[in-house]
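These protein sequence lines are chains A and B, in that order. Oh and the first sequence: position 86 is 85 in numbering that gives the first Met the number 0, straight run, nothing missing. Oh and the second sequence: position 78 is 77 in numbering that gives the first Met the number 0, straight run, nothing missing.
Treat the hints as calculated values from the structure; they're not laboratory data. Computed from a prediction, not measured in an experiment: that's the story for all the values here. Think of the CB as a built atom: it goes at the ideal place given N, C-alpha and C, for glycine as much as any other residue. Please note: incorrect hints may appear among the correct ones.
List of simulated lysine to aspartate or glutamate pairs, EDC-like, C-alpha gap at most 16 Å [said to hold, decoys possible]:
(1) B:Lys58 with A:Asp29
(2) A:Lys43 with B:Asp122
(3) B:Lys32 with A:Asp29
(4) A:Lys24 with B:Asp122
(5) A:Lys110 with A:Glu68
(6) B:Lys32 with A:Glu34
(7) B:Lys87 with B:Asp122
(8) B:Lys104 with B:Asp122
(9) A:Lys118 with A:Asp90
(10) B:Lys58 with A:Glu26
(11) B:Lys104 with A:Glu68
(12) A:Lys25 with B:Asp122
(13) A:Lys118 with A:Glu34
(14) B:Lys104 with A:Asp101
(15) A:Lys43 with A:Glu22
(16) A:Lys25 with A:Asp90
Every beta carbon over 10 Å from chain A, so not counted as near; a handful from chain B, in silico [what the hints assert, rightly or not]:
(17) Ser7
(18) Val21
(19) Ala37
(20) Thr70
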Amino acid sequence: MKIDKLLLPLLILNFAGVSFAQELKKEFIDPQPQESRSTAVKVKGGTMLFLAGHTASQPRPDVDLGNFEAQFKATFDKIKITLTKAGGTFDDIVSMGVFLTDLRYIPEFSKLAKDIFKKNYPAITFVEVSHLARPQSLMEIQPIAVIP
Amino acid sequence: MILPVPQSAYSQAVKVKGGTLVFLSGVGPVDEKGTLQAPGDYRGQVNATWENMRRIMAKAGGTVDDIVTMTVYTTERRWGEIFTDMRKEIFKTGYPSSAFMEARKLKTPGAFLEIQAIAVLKD
Numbered sequence: 000m001k002i003d004k005l006l007l008p009l010l011i012l013n014f015a016g017v018s019f020a021q022e023l024k025k026e027f028i029d030p031q032p033q034e035s036r037s038t039a040v041k042v043k044g045g046t047m048l049f050l051a052g053h054t055a056s057q058p059r060p061d062v063d064l065g066n067f068e069a070q071f072k073a074t075f076d077k078i079k080i081t082l083t084k085a086g087g088t089f090d091d092i093v094s095m096g097v098f099l100t101d102l103r104y105i106p107e108f109s110k111l112a113k114d115i116f117k118k119n120y121p122a123i124t125f126v127e128v129s130h131l132a133r134p135q136s137l138m139e140i141q142p143i144a145v146i147p
Numbered sequence: 000m001i002l003p004v005p006q007s008a009y010s011q012a013v014k015v016k017g018g019t020l021v022f023l024s025g026v027g028p029v030d031e032k033g034t035l036q037a038p039g040d041y042r043g044q045v046n047a048t049w050e051n052m053r054r055i056m057a058k059a060g061g062t063v064d065d066i067v068t069m070t071v072y073t074t075e076r077r078w079g080e081i082f083t084d085m086r087k088e089i090f091k092t093g094y095p096s097s098a099f100m101e102a103r104k105l106k107t108p109g110a111f112l113e114i115q116a117i118a119v120l121k122d
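So here's chain B without its partners, still in its complex pose (with noise of 0.2 Å):
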């Protein structure tokens, strides 16, 4: 982790060498059938995210801590900062790079945020 910005859970960058690479679709707030959950309720959304995130994660045999980088798509810029807080809960073991976007629309109607993320798995 380099430059880290604690105050946003993030960092400038990541080195890695070595480990597998997992490459994730965008994540957003659906259970397994791909329904929108907790609709209008910023939060809920963000958790329902994190917890999609996390099951993923375990399926490709990591946790979110091993994630990298990620891109974070949202329709609400104006929420960003409810989002950066919430992330200080969610990694234990540094934080990854980021970057924060505004998209017209999300692939799921009504999600607030999507996000795209790489992890590199420890051999």
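Next comes chain A alone, as it looks inside the complex (with noise of 0.2 Å):
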């Protein structure tokens, strides 16, 4: 009876053309799976998400040492706290910019992304630069996603 009352006017809306709730569409352009990135990723719909680039950072001192897979995963919890917050999840996730301090790191990046992501890989850019905010950090990471 609750759900009658529901469909009712949402039916009533879609028989009008009403578009009320855009539906989210989303298409991965050329899919690398063996470096867990996609070429570009078109998106219609949804709501966006900009992330501030996350790190590795005070709350876990003990992953600041030089140890590339505990930084990696250590950055992904924040940024899941991050998205989880905003009501997303590691899937709304369609392009990363990495920073890394050294990209001899971008195999090991690739390989722990396959965790991350399954297959619905995002678009990325890595690029490698001298310094991040903290002396510690081996890398830093700007989400965008979008949330259904």
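Could you fit the two chains together into a complex? Lean on the hints.
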């Protein structure tokens, strides 16, 4: 009974051609699974979320000692907290700027990223920088997400 | 396009409503197999990069004119003016917003530049 009450106005709006909650459409162009990234990601609809650069930082000083995998995990833990707060998940990430102090970490990054993205790989740009905000940081990640 | 800067072929801001977004991975002077094009030749690499960008935008159903913003990472900041000069020929319907910065290294060894762009396709 409750459902009917909810559905009726939705159906009326649908038939009237009114779009009140735009459906999210996503297309991954030329995915490269071995690199855990797509050449481009095409998105229509949804809510955009622009994240700040995320790093493994103060709450986890233990990971700041040159351990790439630990920093990767700590960084994505923080990204997850931000995404959750905004109502999103890792699957909603469509693009990332990945700033590394050494690009020789790219293969390790791609390997670890497989567990994060499963198969919907975001567009990624890798850039090597001389320094990040904290001397111990090996990476900073700036994601863009689109939440359904 | 808000406050275009024609001499450097970019706009201070671009305002967009609606459309389909395309987020591109970094595009550099490489062929489809990832092999570096025009080694040591800055202009050649800029051309190869835009050629790539055209190909990817076509695959996404658009053109380079749909690009609304781009971040240009370069290992050779001193050649920035060559880049912006050449960019004047790329865009026919207005300039995207843009940032230009030096990176220590890029993904493809020997690449002088890589462009991270966002485009919006008209519905």
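Each hint tested on the structure:
1. Proposed proximity of B:Lys58 and A:Asp29 is supported: the alpha carbons are some 9 Å apart, at most 16 Å.
2. As the CA atoms of A:Lys43 and B:Asp122 are separated by approximately 10 Å, the hinted pair is consistent with the 16 Å bound.
3. The suggested pairing of B:Lys32 with A:Asp29 holds, with an alpha-carbon distance near 12 Å, which does not exceed 16 Å.
4. Using a Cα cut-off of 16 Å, the hinted pair A:Lys24 and B:Asp122 holds, with the two alpha carbons roughly 13 Å apart.
5. A distance of roughly 10 Å separates the Cα atoms of A:Lys110 and A:Glu68; the hinted pair therefore holds under the 16 Å criterion.
6. Distance hint between B:Lys32 and A:Glu34 is fulfilled; the C-alpha atoms sit about 13 Å from each other, no more than 16 Å.
7. A C-alpha spacing of about 26 Å is found between B:Lys87 and B:Asp122, which places the hinted pair above 16 Å, so the restraint is violated.
8. A C-alpha spacing of about 37 Å is found between B:Lys104 and B:Asp122, which places the hinted pair above 16 Å, so the restraint is violated.
9. For the hint pairing A:Lys118 with A:Asp90, the CA-to-CA distance comes to about 9 Å; that is within 16 Å, so the pair holds.
10. The suggested pairing of B:Lys58 with A:Glu26 holds, with an alpha-carbon distance near 11 Å, which does not exceed 16 Å.
11. Proposed proximity of B:Lys104 and A:Glu68 is contradicted: the alpha carbons are some 21 Å apart, above 16 Å.
12. Under the criterion of a C-alpha separation no larger than 16 Å, the hint pairing A:Lys25 with B:Asp122 is consistent with the structure, at around 15 Å.
13. Between A:Lys118 and A:Glu34, the direct Cα distance comes to roughly 11 Å. Compliance with the 16 Å bound is thereby established for this hinted pair.
14. A distance of roughly 8 Å separates the Cα atoms of B:Lys104 and A:Asp101; the hinted pair therefore holds under the 16 Å criterion.
15. With a C-alpha separation of about 8 Å, the suggested pair A:Lys43 and A:Glu22 falls inside the 16 Å cut-off, and the hint holds.
16. Only pairs whose Cα atoms come within 16 Å are accepted, and A:Lys25 paired with A:Asp90 is accepted, the gap being roughly 11 Å.
17. Every C-beta of chain A lies more than 10 Å from that of B:Ser7, the closest at about 21 Å, which supports listing it as non-interface.
18. The non-interface label for B:Val21 is inconsistent with chain A: the shortest C-beta to C-beta separation is roughly 5 Å, within 10 Å.
19. Residue placement check: B:Ala37 keeps its beta carbon more than 10 Å from all beta carbons of chain A (closest about 20 Å).
20. Listed as a non-interface residue, B:Thr70 fails to keep its Cβ farther than 10 Å from every Cβ of chain A; the least gap is roughly 8 Å.
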